[in-house]
Amino acid sequence: MSTHRSNASGLVLAITAGCVTPVYPGDLPLSDNVVDWRDEIIYQIVTDRFANGDFSNDYGANLYDPSAYHGGDWMGIVDRLDYLETLGVTALWISPVVKNVEADAGFASYHGYWTQDFTRTNPHFGDLSALRTLSDEAHRRGMKMILDIVTNHVGQAFYYDINQNGQPDEFGIGQGGEIVPLAQAEPTSDLVRISEWDPDFSAAGISSWTSLGPSGRAPVVFVADPEINRVPPYPELFAAPEAYHRKGRVTVWTNPAACHCPASGCAYDDPCRRQQELEGDFPGGLKDLDTRRQDVRDALFEIYARWIDVGDFDGFRIDTLKHVEPEFWNDFCPRIRKHAKERGKHNFFMFGEAFDGDDRLLSSYTHGDGVDGVFYFSQYYDVMRGQFSSDSPRTCEIERRHCNRFGCSADPCGEGGPIPALYDDTPRPDGLLGFDGRPLSARQVPVGFISNHDVGRFLFFMPTTWSQATKRQTLHLALTYLATMDGIPSFYYGVEQEFSGGNDPANRETLWDPQSYDEQVTEGGALVTRPKRYDENGDGSADAAWGPYDTGNPTFRLLQKLIGIRKGSAALRRGDLKFRWSSRAATGDDAGILAFERSTEAETVLVVLNLSPAQESHTRFGAATMAVSFAAGAEVQDLLDPASRFAVTPSGCQTAGGGCLDVTVPPRQARILVVRR
Amino acid sequence: MTPAPTAARPHLPTAGLVLLIAAAADSAAATEAIEAPALTTGADAAAAPVPTLVVGSYGRVATGSNLEGQNGERVQLVDHPPRLLEGTYAELDVGTVYAVPQSSATLTSQLTLALGERLFHFSGEFAADLAIRNLYVEAADLIAPGLSLWAGSRMLRGDAIYLFDFWPLDEQNTVGGGAGYTFGRTRLGLHLGVNRLADRYQTQVIRVPDPVIGSRAVLFLDRQRSVLTARAAHRLALASGLTLCPVVYAEAHHLAAGSYQTADHRVEALPDDSGWLMGTEVTVGGVAPTSHLSAFLRYARGLAAYGELGVPFGLGTDKRARRAKELSAGLDGNLELVSRLGVMAAAHGRYFVDADPNVYDRDDVFEATAAVRPAFSIGDHFQLAGEANVQYQRPNGLSPETHRQEKPLAFQVGLMPTLALERGTSSRPVLRLIYAATFLNGAARLTYAPEVHQRSERVQHYIGVNVEWWWNSSRYPGSNA
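Those protein sequences? They're chains L and A, same order as listed.
For the first sequence, counting from 1, position 492 maps to 492 in our numbering; every step adds exactly one.
Positions in the second sequence are counted from 1; adding 677 to them yields our numbering.
For reference, chain L alone in the conformation it holds in the complex (with noise of 0.2 Å):
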């Protein structure tokens, strides 16, 4: 016996041999990663999309669908690690982890903003240890971890019981005539639509109603279908209808009336729409928590608070900031500042998005205890919409935008007079540092960006009559600005790749589909698709077909090249931002031109950009040349094209201690000017 004993212990160590022992990640050392982040590249992943590197959680999985999930997941991430640590990003930001309701109205969860349990992960990208391989492997190339998280609501978890028949309904009541919101409907006999899933908003809480009118509060019904995970909320706190202000669905964006503003819209600061901002439930029926009762709050810390230990995580980017009432903010961020010290995390980083092109709404956030920084969406919509897909380009308005973040003596378009800065320059106690260990304030760190999961992609939006080199070209342009100006630079998965997905969820593409790659060509008189192709030589002919992950097309390799310069140059990561000049119209010998510095004590650099589409311009007008800090007698080079100097002059300009510099820029071109040693 004990010979067979014997045998069978060697037998099970033999067999236990390939055992791996998994370790909740939350009990694993966090690491502190960042120095300074303006050092960063961001790159916004939506996991979904992006690779595949698991097909065993690929659960109702159809590439083919775009409102399906695909079934890219964290594994595929980290496959596709040495393809980003190639294009050089230095920071991920990735889709929120949390598991959700799979399915609404024939729409699948992909992106991860329907959450139904915030403590599990999504099944369809892993689990707690592929979450944490991702971030370790990221974290040992030097990359860090920005989480997607959703404070504001929940996916679609009940219904409104409005007619109180125990089931949920869409129907009318009401008698012919236009179609109106509830919330007007009560005093007249419209026919009104409801779902009782995704009612409009009613100030006073969704109400009951029946054949003879109002009938109280409307119940709130959770509904239980596992086969699309819709069953209550967790934590449990958030399985109550207590938990949630149930006033139903914002509608002020498309109804202003709903709010007697104009058909325009309402002011940003409206306080009918605002109200509906922070208390309705977001459009798709996501159903809005209550988070004025501290109760919520608490739940919400303890829940992100915990994601940064399991998930090693850096940064948060904070879904609909706007939809969140800012005490809110001051309560959540400084505990979760504090959570992440006290975890060994000096510089974690927490950014909002207001989706909004409004200022003053978007800086609102920067005064407080609350965001260290926000998503840049005012730049977004004035500069790369307004500025860099118009045919007539006027680049005061983007120094213009910036005014509003840093203040002007007076209004570079010259229509108005001195601009104060609305963002605040106050730094977060105990929030970011700098390189140097001087704090940061949230005006230094606006997260900028050309396009992202929630925007059609920059190129969907250039008018049609542009050709395809046109459209390229100014996509250069917008990314040469984009990691040139201060703050922090994201790029959207797929820029790269030139995808050009109008919006959501067209926007979304597969990157790992040859079919995302396809183009329609006529040929021989027929409309065929064929893989798209480029120069991949510089010989002038498309040599090369386009495939998933592809790095030798013009755009990535335009971006890794503008990531290369900005990580090699103190100036453009840290430096102060200095406009130098910018035109106020079309036409004449500066249209389209844009030129700034960003300096440091040791170094400065000058960018200018030419955005007319049509005429090479120049940074002068007239006899008056551009004022630059570069000494008179410098020559500088231009770092995409280093055959291209310029000579710095001691004359046509008014400058104190800097030259003159005349400098020729191509339509739709840049130039990054350094002084040659």
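Since the hints were made in silico from the structure, they are not lab data.
For glycine and all other residues, C-beta sits at the position ideal for the given N, C-alpha and C.
Check before you lean on any hint, since a few could be wrong.
To be verified - Partial pick of chain L residues on the chain A-facing surface, computed with a CB cut under 8 Å: (1) Asp-54; (2) Ser-56; (3) Asp-127.
Said to hold, decoys possible - Restricting the straight-line Cα-Cα distance to at most 20 Å, the calculated cross-link-like pairs of lysine to aspartate or glutamate (DMTMM-like) are: (4) A:Lys-1002 <-> A:Glu-802; (5) A:Lys-996 <-> L:Asp-58; (6) A:Lys-996 <-> L:Asp-225; (7) A:Lys-1084 <-> L:Asp-27; (8) L:Lys-338 <-> L:Glu-302; (9) L:Lys-567 <-> L:Glu-601; (10) A:Lys-1002 <-> A:Glu-848; (11) L:Lys-532 <-> L:Glu-519; (12) A:Lys-996 <-> L:Asp-79; (13) A:Lys-1002 <-> A:Asp-1040; (14) L:Lys-567 <-> L:Glu-597; (15) L:Lys-567 <-> L:Glu-603.
Following the hints, complete the assembly by docking chain A onto the known chain L.
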């Protein structure tokens, strides 16, 4: 393992499997076939071979309670758990044996019908789950002495671990054909079979436009899995009556490429796939009548790691199962040294890794189980038996509920007063009264959904009755001798 057949019928292939298992046995020994009346077909019957109808059966019926008014259920943590509490199942074997005149050769047609769990008297549903487990013809000694050939649908099985109802080395449910060759104390077996499982991995029927009007169904995904098995067994007679029977066994699997149509009518390519398995078994017998000790070891890769009826899961990014592996080892013994006491014991360990690249994967698992069942005979027809068993599982991944590596463990003890035909652990039929208590750790309870009562029960009780029989059965060939 079923007790080694002490007697096999010459020229009367036992319904389950002479081809492989009986190879290890002494084929010269004889058993008494249960012969039904000979079938004749007409006036010239005298000139024709006389067929003999051979019937057999395996079956068990069980019912019990958890002492709280609910059905008693088996706790299952591992792939092949102890069978102390098992469900209802039955097989009916019907064989027709044609003896070739003036020859030792035979031709045998074999049908085995299997009935599943559903009992009309329990559910009130007038229905049954029925499956064909054997439907083949075998020719023995027809071409050459010792050579048998067969074709049809067949359960190919080697030696079982009875306490787990499990064939740890070689079990194939196949449609195909094979050959066996016995020379001296050696038996060789070779088989090639195919299947096309009714799942979207191998089969898809779609509707297409009919050339005239309307639509018609066509088989769009149609890819077979081919399985080739080979087995060699040798029986050695050692000193003092001991016998030693080593077995080597191998499988090769291949799955053809195919295409699948998605819901939006796109075509998804499914690549071909493959797998293989190597294994060995050593059985020592002759310590005492009906006593033996067997050890099993096998290693499988790719498709073979999932079993021939398994649908691969956790595929690699190439949509193949090639990275999957399984290492499995088992022990089985039955000792009846004294006439009143018999002890059955078994153990099995298995380490399985699926084909996906996820290292921390809950599908990747080490699991082990062990059981011991002593039976003490009081008189010729009453036995007091008991069983203690344990199940353990160690997944490589974290629990999605607790985010920890949970290691389910269940320990079970049972008492079985038993009425049997005669003494001995393998005597059948038996009638058992069973009481069992199963102790579960927290991780084992987590395997139950929060909505069910077992989630909160540290101890599960069971009391019930169980009957089991086999007789001339293809399931345990020769065991009713």
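Results of checking the hints against the structure:
| no. | hint | in the structure |
| --- | --- | --- |
| 1 | Asp-54 | holds, 5 Å |
| 2 | Ser-56 | holds, 4 Å |
| 3 | Asp-127 | holds, 6 Å |
| 4 | A:Lys-1002 <-> A:Glu-802 | violated, 41 Å |
| 5 | A:Lys-996 <-> L:Asp-58 | holds, 12 Å |
| 6 | A:Lys-996 <-> L:Asp-225 | violated, 31 Å |
| 7 | A:Lys-1084 <-> L:Asp-27 | holds, 18 Å |
| 8 | L:Lys-338 <-> L:Glu-302 | holds, 12 Å |
| 9 | L:Lys-567 <-> L:Glu-601 | holds, 17 Å |
| 10 | A:Lys-1002 <-> A:Glu-848 | holds, 17 Å |
| 11 | L:Lys-532 <-> L:Glu-519 | holds, 6 Å |
| 12 | A:Lys-996 <-> L:Asp-79 | holds, 16 Å |
| 13 | A:Lys-1002 <-> A:Asp-1040 | holds, 12 Å |
| 14 | L:Lys-567 <-> L:Glu-597 | holds, 16 Å |
| 15 | L:Lys-567 <-> L:Glu-603 | holds, 14 Å |
In terms of the numbered hints stated before, the structure departs from hints 4 and 6, listed from lowest to highest.
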